[in-house]
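Residue numbers (my numbering), protein chains in the order written: chain A, 1 to 280; chain B, 1 to 239.
Keep in mind that the hints were calculated from the coordinates and are not lab data.
Each residue gets a CB set at the ideal place from its N, CA and C atoms; glycine is no exception.
It is possible that part of the hints are untrue.
Claimed, not checked - Going by beta-carbon spacing under 7 Å, a handful of chain B positions derived as facing chain A:
{"no.": "1", "residue": "Y13"}
{"no.": "2", "residue": "E14"}
{"no.": "3", "residue": "S63"}
{"no.": "4", "residue": "V66"}
{"no.": "5", "residue": "T69"}
{"no.": "6", "residue": "P85"}
{"no.": "7", "residue": "A86"}
{"no.": "8", "residue": "L97"}
{"no.": "9", "residue": "T107"}
{"no.": "10", "residue": "C130"}
{"no.": "11", "residue": "L134"}
{"no.": "12", "residue": "S135"}
{"no.": "13", "residue": "P166"}
{"no.": "14", "residue": "A170"}
Stated by the list, open to error - Sample of chain B residues with no beta-carbon within 10 Å of chain A, all distances over it, derived:
{"no.": "15", "residue": "Y106"}
{"no.": "16", "residue": "E133"}
{"no.": "17", "residue": "A147"}
{"no.": "18", "residue": "R177"}
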Amino acid sequence: MPAIIEAMFSYPFLTRALIVGILISLCAALLGVSLVLKRYSMIGDGLSHVGFGALAAAAAMNAAPLYVAIPVVVLAAFLLLRISESGKIKGDSAIALISASALAIGVMIVSLSSGMNTDIYNYMFGSILSMSSGDVTLSVVLSIVVIILFAVFYNRIFAVTFDETFARATGTKAGIYNMLIALLTALTIVLGMRMMGAMLISSLIIFPALTSMRVCKRFKSVIICSAIVSALCFFTGISSSYALSTPAGASVVVANLIAFLVFAAVGAIRDAMQLRLGKG
Amino acid sequence: MAVLSCENLCLAYENKIAVSGLSFSLEAGEYLCIVGENGSGKSTLIKALLGLKQPKSGRISLSEGVKHTEIGYLPQQTPAQKDFPASVWEVVLSGCLNAKGIISFYTRKDRQRAMENLEKLGISDLKNACYRELSGGQQQRVLLARALCATRKMLLLDEPVTGLDPIATAEFYSLIRDLNKKDGVTVIMVSHDLHAAIENADKILQLRCEPLYYGSAAGYAESEPGKKLLGGDGNACHH
Numbered sequence: 001m002p003a004i005i006e007a008m009f010s011y012p013f014l015t016r017a018l019i020v021g022i023l024i025s026l027c028a029a030l031l032g033v034s035l036v037l038k039r040y041s042m043i044g045d046g047l048s049h050v051g052f053g054a055l056a057a058a059a060a061m062n063a064a065p066l067y068v069a070i071p072v073v074v075l076a077a078f079l080l081l082r083i084s085e086s087g088k089i090k091g092d093s094a095i096a097l098i099s100a101s102a103l104a105i106g107v108m109i110v111s112l113s114s115g116m117n118t119d120i121y122n123y124m125f126g127s128i129l130s131m132s133s134g135d136v137t138l139s140v141v142l143s144i145v146v147i148i149l150f151a152v153f154y155n156r157i158f159a160v161t162f163d164e165t166f167a168r169a170t171g172t173k174a175g176i177y178n179m180l181i182a183l184l185t186a187l188t189i190v191l192g193m194r195m196m197g198a199m200l201i202s203s204l205i206i207f208p209a210l211t212s213m214r215v216c217k218r219f220k221s222v223i224i225c226s227a228i229v230s231a232l233c234f235f236t237g238i239s240s241s242y243a244l245s246t247p248a249g250a251s252v253v254v255a256n257l258i259a260f261l262v263f264a265a266v267g268a269i270r271d272a273m274q275l276r277l278g279k280g
Numbered sequence: 001m002a003v004l005s006c007e008n009l010c011l012a013y014e015n016k017i018a019v020s021g022l023s024f025s026l027e028a029g030e031y032l033c034i035v036g037e038n039g040s041g042k043s044t045l046i047k048a049l050l051g052l053k054q055p056k057s058g059r060i061s062l063s064e065g066v067k068h069t070e071i072g073y074l075p076q077q078t079p080a081q082k083d084f085p086a087s088v089w090e091v092v093l094s095g096c097l098n099a100k101g102i103i104s105f106y107t108r109k110d111r112q113r114a115m116e117n118l119e120k121l122g123i124s125d126l127k128n129a130c131y132r133e134l135s136g137g138q139q140q141r142v143l144l145a146r147a148l149c150a151t152r153k154m155l156l157l158d159e160p161v162t163g164l165d166p167i168a169t170a171e172f173y174s175l176i177r178d179l180n181k182k183d184g185v186t187v188i189m190v191s192h193d194l195h196a197a198i199e200n201a202d203k204i205l206q207l208r209c210e211p212l213y214y215g216s217a218a219g220y221a222e223s224e225p226g227k228k229l230l231g232g233d234g235n236a237c238h239h
């Protein structure tokens, strides 16, 4: 195993992917806890499909992918949030509507401009080779900004996640924090989706939160546990992708799935034991 | 001295009027129960009192020294909270956020305050417990402790005994009575429990978009709308 890791770090592109990927996994895990608890998990999925459309459009226009995708996905995030809050169309169906449309438009653009080729496969399922060194810098800077903002507003984010009505009543501008969460989520998704793929990036947001909620009982420990689980799963996923020559995104998701199953088993066993102790 | 007064208040959603012609004032340390059928404008009034909804006309004024954000609010529980991983301590402490600006880290004073409120409500042993694993009565106490972290002056409770068993309900009412009588906290409670309202409150406000009754709790049972609603209650029991 150490030999594999050593060999991995001898490739600069793999080292870059690992640095960016772990930072993005951290961001996704932090935001994911809030999104899952607020019942907004579908927003992550919707945004990644919008991101796919934006990347396809950027490729067709020969523009730098991140500079097109970031503003489009951020806009979509605000739109999805508004729809979820206004309640005219039920949130989940509105998101399904938008994500399917964006996906369809993206496929149309790709097939009209260059035909179905490896690009579309890479957008869908991710490619570890997709990061240029400029992208790496941007990703590192943005993910550090996401982590810092999350830490600074941690208490408010907890309050808004746990009980939005109370938070509003006691003077927290819940709308602003919801927007902040949506904005940070949009950035994380755009940065992560080219490596993880549009189909798989939302798992990075949802899995670590659900995994740690099997075992942890406090908000802070859920957050910390999610961050650790997420980073570890990413690392494991990439290592096994290197060792087994499997796609990076799928390997990371499978690592997350295994972690989830292990945590769920541990949680179930612990609860059963507590029940028995409580009875005895 | 009136801590809260409404003058000819009218609240509306787009074209639909929810509350109209409401005037009342509440003295510091009083205990008011707001009663009325579903859809009678109680929730809208609460939103307005909390400053979350602007009046269409008329005004709500709070006495000097009380801000909207200093009303300790006990909202109805949401389904999302049922499986929310949070410790009691985290929940209670979040009540201290209302006094903070953009930078919102907790200070030693906040922690002290949270601890005092846990002790006051007799749940300091639950400090590290997981909120979702508590009984309904314990959860309400935790949320009450959080509300007390936000205020010492006024509590606004929205149907607080919904889903509690009779013992927990009685305990909760006596807790509120103590806060009201011993600590002088002004209490506004929305309730469907008319008998408890008459027993505990000083004043009762009955709404059906317009105020049907506002006055002392003792006089309510004798009043026309009071008899009707109490009688209606009785009928409902026979079904």
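Hint by hint, work out which the structure violates, then give me just those numbers in ascending order.
1, 2, 3, 4, 9, 11, 12, 13, 14, 15, 16 and 17
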